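Going down the list, the sequences are from chains A and B.
Counting in the numbering used here, the final residue of the first sequence is number 601, and the numbers go up one at a time with none missing.
Counting in the numbering used here, the final residue of the second sequence is number 601, and the numbers go up one at a time with none missing.
In silico DSBU-like links for lysine-lysine, alpha-carbon gap of 35 Å or less: (1) B:K503 with A:K270; (2) A:K135 with B:K280; (3) A:K270 with B:K216; (4) A:K216 with B:K216; (5) B:K513 with B:K422; (6) A:K314 with A:K119; (7) A:K445 with A:K483; (8) B:K270 with A:K70; (9) B:K270 with A:K155; (10) B:K239 with A:K73; (11) B:K429 with B:K474; (12) A:K270 with B:K119; (13) B:K362 with B:K439; (14) A:K270 with B:K156; (15) B:K314 with B:K483; (16) B:K135 with A:K119; (17) A:K270 with B:K70; (18) B:K135 with A:K280; (19) A:K73 with B:K270; (20) B:K73 with A:K270.
In short, the hints are calculated from the structure, not lab data.
Since this is a predicted model, take the numbers as computed values, not measurements.
Number of protein chains: 2
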Amino acid sequence: MRSFNFFGRFASAFHDYPSLSKIIVVSTVSGGSLIAYAEASTNNGNRGHVSHADAITSNSIAHADANTSKKKKVVVLGTGWAGISFLKNLKNPMYEVEVVSPRNFFVFTPLLPSVTCGKVEARSIVEPIRNIIRKKNIDASYCEAECIRIDPANKKIYCRTARTAINTNSKQGEEFAIGYDYLIIAVGAQVNTFNTPGVEGNSSWFFEQEIEDAQKIRRNVIESFEKASLPNLSEEERKKILHFVVVGGGPTGVEFSGELRDFVNQDVLKLYPTVQHLVKITVIEATDHILNMFDKRITTFAEGKFLRDDIDVKLGSMVTKISENEISTRAKGSDKTTSTPYGMVLWSTGIGSRPLIREFMKQIGQGNRRALATDEWLRVEGCDNIYALGDCATINQRKVVEDIAEIFKRADKDNSGTLRVKEFREIMKDVIARYPQVKLYMQSKRVRDFVDILTEAKGNAAKEKIELSIEEFKSALSVVDSKMKNLPATAQVANQQGAYLAKCFNRMEECEKNPEGPPRFRGTGRHRFQPFRYRHLGQFAPLGGEKTAAQLPGDWVSIGHSSQWLWYSIYASKQVSWRTRALVVSDWIRRFIFGRDASGI
Amino acid sequence: MRSFNFFGRFASAFHDYPSLSKIIVVSTVSGGSLIAYAEASTNNGNRGHVSHADAITSNSIAHADANTSKKKKVVVLGTGWAGISFLKNLKNPMYEVEVVSPRNFFVFTPLLPSVTCGKVEARSIVEPIRNIIRKKNIDASYCEAECIRIDPANKKIYCRTARTAINTNSKQGEEFAIGYDYLIIAVGAQVNTFNTPGVEGNSSWFFEQEIEDAQKIRRNVIESFEKASLPNLSEEERKKILHFVVVGGGPTGVEFSGELRDFVNQDVLKLYPTVQHLVKITVIEATDHILNMFDKRITTFAEGKFLRDDIDVKLGSMVTKISENEISTRAKGSDKTTSTPYGMVLWSTGIGSRPLIREFMKQIGQGNRRALATDEWLRVEGCDNIYALGDCATINQRKVVEDIAEIFKRADKDNSGTLRVKEFREIMKDVIARYPQVKLYMQSKRVRDFVDILTEAKGNAAKEKIELSIEEFKSALSVVDSKMKNLPATAQVANQQGAYLAKCFNRMEECEKNPEGPPRFRGTGRHRFQPFRYRHLGQFAPLGGEKTAAQLPGDWVSIGHSSQWLWYSIYASKQVSWRTRALVVSDWIRRFIFGRDASGI
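Hey, can you work out the whole structure from these sequences and the hints?
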């Protein structure tokens with residue numbers, strides 16, 4: 001945790017005084033991902049740890065430590081935001097952790113769009129997983145393999161060695177099993193093409209939040225300019241090659257468009273002066289606005305900026321087909337299809353499940369779902385000791401109305417059949433703890449006391465006189481379920497979930513004995529832990545040209561150069577280690593001094 | 001030329017006082033390539049030029065400049081040492097240059113072995129060709145294409161767009177023609193497998209001095225350690241995966257072995273502690289010593305160091321076959337073949353011609369040669385206005401004995417049938433200028449006056465009394481041809497040839513009028529230019545562990561840490577631009593601080 005030193009202290013400050021968070025706490029969005037800059041929920045206790053590389057024993061290879069066998073084995077699938085956040089925050093030495101992933105490094109995804117046009121180097125935003133592991137002082141090991149099957153009955157996963165492209169001609173593709181006591185599924189998601197014909201192949205590039213995508217896109221951008229500069233082409237052909245189409249007006253698409261525009265204005269002018277005027281950038285968005293998850297002010301600003309930047313934004317347009325030479329779109333509510341020649345398509349819209357997850361969902365009877373359903377404690381429904389978090393999972397929140405009878409019974413201590421305000425207030429503490437949507441509803445109504453909502457409903461009757469029948473109680477609480485919605489598939493959510501789950505694991509034994517969660521309304525006793533609660537810490541949308549829009553919590557919006565500097569400083573501070581921090585900052589400096597690198601590597 | 005500022009001045013100093021060069025001038029070898037650190041033959045006149053990006057017109061695309069058509073068109077094939085050195089030194093605005101190459105960047109090849117193990121970043125040692133071009137104040141353009149055919153009769157080359165792997169779905173693979181007035185062929189060479197069975201495929205990696213090779217090798221090295229760390233392997237299998245075999249004990253092979261050993265000792269220990277003891281490195285060399293082109297002291301030191309480093313050096317061994325799992329070798333003079341399991345083979349021995357060159361050689365009747373034969377002025381034999389330099393060419397030096405009768409006739413001014421010392425001295429000036437081997441012979445004999453050699457042959461007779469018959473003259477000069485040998489295929493040679501040719505082109509008109517070369521013995525008049533003369537400026541061999549051996553001109557040898565620092569400072573100074581210099585130095589600093597990056601990208 002040394003990496004979060006400075007900002008970690010800020011984070012602790014916010015943790016201790018959560019009301020402060022409205023004023024300054026900000027987080028970041030990019031690549032469709034949200035990340036929290038202030039780890040409000042992160043415990044920084046092991047900040048002073050020295051590296052204990054020698055103490056690491058890789059259980060699967062050498063059983064050097066006899067105690068290992070007594071430890072509970074935790075297998076983590078994935079080295080993305082969720083998996084790494086879990087790993088970094090896990091500190092209880094009673095566990096032996098094995099991380100399984102085909103990718104032996106973590107990627108700081110919010111800076112991936114910067115890689116596509118050469119503002120930041122790919123290597124600068126990755127951290128080798130083994131660097132993270134050797135700094136842990138708990139048993140941790142890494143295995144470069146892809147999980148292909150989960151066997152919950154026997155507590156085993158089956159893996160295959162990854163990356164067959166690079167051969168070492170032995171044991172290739174051979175399967176092997178790894179046993180677990182706890183399984184943490186954090187494999188992420190893949191791009192959703194909505195079955196649009198011709199998307200695969202045909203110069204389309206998917207933006208799957210992987211470093212390889214960004215590198216390929218970068219190479220292809222340079223390649224397009226080289227191709228367009230060849231002597232044997234007509235003006236039309238050059239225009240076609242330099243027509244970049246971005247499908248999806250979310251943060252990734254918008255940021256890529258902005259980066260590309262910057263590249264054209266700042267570097268293409270010097271390096272490819274003869275073709276600069278032929279470049280065209282089009283953004284195709286199915287809804288009525290780009291960045292539609294942001295505040296209206298930001299959307300308007302972004303659309304205005306793109307208009308001035310000569311980026312063509314096609315709103316309310318659906319891509320119907322991509323052929324070898326043309327991309328076809330249809331405007332909403334129209335039957336007419338328009339086709340335009342294109343050189344490169346970047347597809348950055350929506351997410352879908354990975355094959356492993358689809359297979360596992362069928363296996364456990366969740367076949368018709370979009371993602372792995374978990375309860376509020378991130379436990380996969382219907383499985384023991386399997387947890388899922390990040391983009392591959394979704395929390396299946398329990399509705400208050402489902403438990404309303406039990407809640408009322410528990411609340412009505414004098415069995416009067418009605419609730420007095422005192423009884424109501426008491427039960428609401430537990431209800432708020434158990435059902436996260438209640439708090440969201442109260443926040444949306446801007447009240448601190450649920451009773452205020454009741455008094456309003458009762459025509460502002462005197463608070464203390466209110467008595468609620470079960471029907472009244474039901475109708476008062478039924479509205480809160482309307483605030484239930486799935487968490488966005490963002491880095492911010494994944495990061496918070498990883499940290500939350502690690503904290504639960506750290507205190508597992510303690511909380512088995514003294515549960516600290518809300519009472520079980522349908523059973524007896526209390527839940528071991530508080531349910532996961534997401535704190536939305538705001539988001540960023542870089543728009544190119546050193547302009548960034550930021551949406552901060554508490555209805556704050558910031559647009560322009562100042563946000564850009566906020567963005568720089570926060571992104572620098574959020575790097576996984578001092579190493580990547582130094583690299584990213586030096587990349588920015590290099591770009592200021594030397595411009596982007598246009599070599600085709 | 002701003003990039004050579006500081007060392008350029010040194011270079012000029014040596015240029016002005018060539019005798020100094022024996023004392024300090026040093027150059028560098030690595031990756032089988034020699035480069036001159038002091039551009040003794042480079043004119044630094046345009047040091048003060050500012051970038052005239054706006055003045056560049058790409059003739060092939062936009063004929064903005066009406067004067068262009070009057071200019072002579074020079075087409076340069078290749079963006080390696082020879083091509084770039086020519087381009088950087090060409091300053092005469094009467095030419096319009098078009099560079100054609102599938103690779104839109106120059107690679108500083110001596111640092112490539114450092115890339116394979118993560119000491120230096122690939123991007124740090126490349127310079128985009130367009131950056132170089134836009135700093136030129138002569139008409140220059142670049143075309144990313146591969147030349148596939150040369151048509152000398154019609155002064156045209158045929159090209160195909162390169163890199164079909166990355167598609168922009170238009171004009172792919174389509175041929176187009178480019179006309180030329182002068183053609184400079186500098187396409188380099190490719191690896192020579194000596195038709196060893198099984199070399200292609202089967203985990204062999206060629207070291208072709210391309211950035212992609214180095215990146216792939218790097219990825220494969222990391223991959224090998226990841227594979228060997230998987231849980232489902234036996235000790236034997238792990239050992240096999242971690243057996244790295246280097247074929248060829250030249251500078252590249254030796255440097256790669258040293259880098260790999262450093263990586264294992266410094267980083268693997270921390271990152272893959274469980275497999276460190278299983279690593280084995282073997283170097284297979286067909287001759288009796290590694291680094292056999294170096295001084296015996298260096299060879300002995302390197303062999304001793306490798307022995308201490310536990311690198312297995314198999315001398316006098318030929319690779320006979322590579323199968324999926326084993327590499328077979330045969331000791332010299334033995335019939336027995338030994339087979340060893342291996343994980344990765346790096347092939348870094350010998351060079352062969354590229355298909356374009358083989359085809360062109362057949363076309364012009366040089367089908368049985370190893371490389372394109374040129375005369376001492378780098379003109380391809382049998383072609384007009386076509387020049388070849390660097391690894392794809394070889395200078396077909398004229399023997400003195402072939403012209404001996406003409407030389408004698410020219411020398412014998414009084415037609416006496418014998419040469420007096422005065423006549424001999426006079427003609428020798430021209431002979432030395434025309435036939436570079438004469439000077440080499442004199443250097444090897446350590447004499448400044450050829451007459452000294454004669455007096456020795458004549459039993460130390462009094463110098464002035466010597467008279468030579470044609471037979472005596474012939475026998476005295478016939479020995480000098482023994483000093484003729486092909487120049488090594490190194491960056492140092494290519495670099496000097498490029499600079500030499502550019503100087504000839506710069507002064508073409510001037511020298512047409514006032515030829516400055518030696519007299520033509522078989523014709524009348526003089527050659528326009530002095531023939532190309534190679535100055536060997538010494539070489540480096542990094543051995544790993546911050547140890548470097550340097551062989552300096554004048555029989556100097558330096559081994560150890562001091563050479564390593566010399567190596568660092570010279571390699572830093574030799575970078576193409578301040579940009580790459582800053583990057584390379586910051587890479588070294590990063591490695592000192594953070595260690596190597598072990599992520600698999």
